[in-house]
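J.: Here's the letter readout for the chains.
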Amino acid sequence: MRQEPPVPLLRRQITALIFLGLTALPAYSGEMWITNEKDNTVSVIDTDTLEVTATYNVGLRPRGITFAHDFSELYVAASDDDTVEVLDPETGLVLRRLTSGEDPEQFALHPNNRLLYIANEEDALATVLDVKTGEVIAEIDVGIEPEGMAISPNGKIAVVTSETTNMVHWIDTEKSEIFNNTLVAQRPRFAEFSATGDRLWVSSEIGGTVAIIDTATQTVLETLSMHIPGISDDLIQPVGIKLSADGKLAFVALGPANHVAVIDQQSFDIIDYILVGRRVWHLAFDQGEQRIYTTNGISGDVTVVDVARMKAIKTIKVGRFPWGAAFRPD
Amino acid sequence: MFHRYFGFRLCLIRGWPALRDSRGLAASEGTGIVWGGGLLARWKSCLAALVSGTVWGAVWGVTLFAQPTLAQGMDVDISYLRQRVERAPVLSNLDPIPPDEGLAGAALGQSDNAGTGKFLGQEFTLSVFDLDATGGITPVSGPLSTPGDLIVIDAPAAAIVAFADQPQNAKRLIVNVRAQDVALRDGACRANVLHTIPSYAMRADALSQFLVYRRWTDLALIQGRRPADRAFGAAIRASASKFGLKIARTKDWIEDADLRRTASSEVPLFTQDLPRHDVLIVADETDDFARYLPYNTWLPRPIAGSEGIVPVAWSPAVESWGAAQLQQRFVASAGRAMGSVDFAAWAAIRAIGEATTRTNSPDAATLRAYMLSPAFELAGFKGRKLSFRGWNGQMRQPIHLVQPRAVVANAPLPGFLHQRTELDTLGLDKPESACTAFDAP
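Top line first, the protein sequences correspond to chains H and A. Take 1 as the starting number for the first sequence in my numbering and just add one per residue. Take 1 as the starting number for the second sequence in my numbering and just add one per residue.
Chain A on its own, in the form it takes in the complex (with noise of 0.2 Å):
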């Protein structure tokens, strides 16, 4: 270890800016210095550095090789797996999903380990793949002509799981940044798979908690049909009952109706026969026709779930803690707003650069360990640090209550409290979860 270090801040001294442009001081592991290309002009640069530098050195110097940290020379390459998928046809014109979701928060999230491994001597790379729906992987752009160790996978649940079932991929980490499917954090957990987009269930208990805190308790539930409506609408049915809310009854839309032009009439003879409730809820996660619901509900209520009172993992509207720099370097980067998906993708970046930082290590296990260790934090402009559940690989996060304007409520919210920390009232706690894959062999 002494060596690693000695050598390096030998250059170190006065030497950084030279150092920073020049990298390819690659330290192996545990002992001695393994040197990169252009082993003359950098120690000239070094020679250089420590003769400028001799008065630095002789303040400075002598003390520095103590330190046992900042030294290191190291390529960390990420790649990003995406399947696209064709959405669904919807109503409205408006709100088209971003070709870049996703993708752009993870170019932003390499952006930023960027801006620290410069001062570590970590270079980090980003490469694109696409991944087709028979499992076939093409490059996009990057370094890489195929995926490494350290994968971010922005896909449906079938194809991660297809994905991370292969063989070759057992001890590789992947961050699924897509799928909120309740299942991969429970009984189809995987154990080489983290989450750091929030699951259904973790955005069903956010809403949860607002109405238990409003004492909205008598809902009403409107689902779409498709598989991700239904999912959504069985995790609130699942934290209703949880929370001790009441859902008096569910009701599946009837999908005929162009209802851009008649809301007004069908909307409220759709929500005439529903019991007395304080709050409709709705289930459309394909964005299709609960926009059309609010102001022509027979009752006047708010609408909450996937239209009016949204429970987010991240929504323009957040600006608090710091959120306003994220949005603000997301939109000069992006051209657009962020959202949830690229939130999430931003995140499994920096928490593989974070992983990376503090252990000197650009190696699946070992940050995998560090992420999934109580060691492990990440700020990420929400209000609280982010970290990993030990026992499905979920990132812990506060979830955002939202109305396109502004932020409603965060969850959790006061008065919901945890042994461990109140960010796990959210989502599968470790007794809820049949996920065993985490547990130690």
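So that you can see chain H by itself, here it is in the shape it has in the complex (with noise of 0.2 Å):
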């Protein structure tokens, strides 16, 4: 008679952590925190159950928001405050108001956790923020009606893009100066550098197009136009996008046209769309990038998606005109 030969003991330890791993540990466990434009609060999604579990009153015109890197706080924009509020993730309380200059509506938050690049709109001005002190920075005079904001993963390069002036404005974030512009089509509303830093996608809502830009040389290498069956192309409007980190899909929220279209990050090739709540505007990632959150401004929702099979699988009633998004995790 042969012998089983005995398991051996790290793949019992492994089988027994995966197990653990998989009872303790919810798949999707965290929040996804929304700001309510319309309603001047912040609802928090659970990621596990898909309720909102809580609701804070903010500033008024809550819009841009983004937790610590090491989500500590957390920050509202509270545009028709002109301030940036930080609020304490656990209590849902409002720990101190940044002066950010007028009008603040999107930020983006230097991967030092210190400084919070602002977009002022009514200004056209970015402000450079120290979220520990409180102190302004910089600010650096860019293009009228500035509103997306991003910065590279190694912190060496702001971009803020201005709506009117139609332009990409790339900062040097040690000497807070424009060192180039790149023109886009008309009313850019979102940057996102990829995972690498070494591109960067702009959306341009009345251009109807996504600009995907070679970050060293700041030139665009292709200009992305999308269509749907059944919606005038002059409806298909982009402004939010979010980019996998493993560089390979890209999802842009199509504001007016009610669809998120995927996107192959590298091939540049249309994937999908998919049908989602009205005016859908901005994206987040949970946990591990499973589900993508879509806030749909007109309908007062948020939509689900299910990363792997692009679908939505779950509409969530927020407050009125829901803006942005955030994720936690647990």
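Hints may be right or wrong, so weigh each one.
In silico DSSO-like links for lysine-lysine, alpha-carbon gap of 27 Å or less [unchecked claim]:
#: 1; chain 1: H; residue 1: Lys-175; chain 2: A; residue 2: Lys-118
#: 2; chain 1: A; residue 1: Lys-118; chain 2: H; residue 2: Lys-156
#: 3; chain 1: H; residue 1: Lys-317; chain 2: H; residue 2: Lys-38
For the record, the hints were derived by calculation from the structure and aren't laboratory data.
Work from the hints to combine the two standalone chains into their complex.
T.: As structure tokens, this is what we get:
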């Protein structure tokens, strides 16, 4: 008789760990925080149960939203209060208010976890704010109606898109100076660096296109147009963009077209269009990028999309005019 | 081409802030660089930028030369010609026409263009001229003493045609921001005149679409006796016929009552003999009597046209699509709310600016060709991109149906389809227009 070889100890341990991992840690565990532009609140969605678990009052016309990189604080742009509010994510209480310059809309947090780069829409300015001291480090003149803001993964470049000037302004973060400008199509709304930082994706809402720009040369590599049968081309108005960290997929919110486009990050082929809520605006991934959440301004809800299946799986009612979304793991 | 960008890029590597303040690098068409005044100073600033930016030069500079954009030094001088027309007497003292109507929109457009131009080495200027009834031109403000080749005209149709037909203006680009006359987009069109103000026909079609959408198909029309009232009334009748609406009766307004005191007795009587209708349309473009009609009609019916639900190019009630930002910028610069003529003037100046940005040229023929081409698009805070119709030079645009406190609907309404763009369901479509001046020779 042959004896069964004993299961190696290591394999047993791994199996046990996987089992423990599956039971103790739900796959989607965390919270998606949503700003409600016309309710002056943020809604908190439990990404496990997909229910709203809390709604907190914030300042007037909350739009931009992002967590500190260690998730210890939440930053919310209260546009009509001309402040950035710092919230305690555990309690939802406002810890302090930072003077942000007029009408802050979108912002991006530098990898140093201290400097917040803010687009001041009405002032044609980008403000650099130290979130720990509340001090304004720099103000940079940019084009009319700055909106999109992104920082390269290595922290060396900040970009701002100006909606009426139709440019991407490239800012050297060390010198707080613009070193180049790239013209794009009408009304650039949002900018997002690829995980490697070598490419910048910029949506042009009224131009109806997404420009993919080479970071090293600041030149446009490709301009993508999207077409959905039954929807006028001039109603396909790209706004929010999210790029998967593995470099494979890009998701683009198409505003009043009520769809999210799924694009291959490398070939730029359009893979699919996913029907979501009305006037889809911004997007955020959950843990592990298994699901992507869309804010739908006019229908006042959030659509949860399963990334692997490219299917909307649930719509969650939040406040009026949900605008931005940010994820916090448990 | 290469030389032109090469020279500019040397400065641009890290030195744009210096360059922004010391413009004067004027590139000639095609090849080479023509240096403006202060050559030495500029070279110094370039050199300083180069030295201090060696590191950045190493990082960015090498690859920058390949980019054929954003390198130009250029003046773009726009002239605003306005003919002040005395307003006909009206009953109400409310809502006077602002003395800077139109011009305030142009000023904001100029400021928006300058905000873009500073990154491109393009300097925009706006010169204002008064145009009198005999065609005489007097400079009012700005650097030019006589109008240049890029003209925004704020005048009645007859003055626009007279100006456009002068031989020296044949090659100029003229943009109409005031006259809504359908003829200017039809048989009386001029190849050198584009229009950013919507025509009466576009506004009437927008209203008709709304009425069809709501299935309010039986109408009565009251029109004033002044030419603008008649022109809008005619557009409404033509549009009703196009969209299958029935105008059971058209009645001319009587002008001899002071409705400020007697609206509640005069208006029910005047409207008592109108046939059954769903909506009462009123054409009163001089803003004289229509404001006294609501709530005093014999039948309780909504009012639309020049009062009630009004089709407009712009209104303070428009808030969506980022319009709130344009409204705020306008209020901050003009100290009052933005109207349709202000918007048309803003759009005219921005359209010229946008064409300049994309073509790197201040030449009227180049700009006109680009503005009429499919490549042209302008973000105008109206929910869809704006462009120009190639057959008559009219700017395509959504028309907002507004009441004083809110937007009622936006045209084109859902379901009105078109093979080119739904915006072409408003106003004279290509087969409808008798304009041939834009046809290729």
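J.: It remains to establish, for every hint, whether it holds in the given structure.
T.: Hint check:
1. H:Lys-175 with A:Lys-118: This hinted pair holds, its Cα atoms lying about 20 Å apart.
2. A:Lys-118 with H:Lys-156: Cα-Cα ~24 Å, so holds.
3. H:Lys-317 with H:Lys-38: Given pair Lys-317 of chain H, Lys-38 of chain H holds - Cα atoms ~14 Å apart, limit 27 Å.
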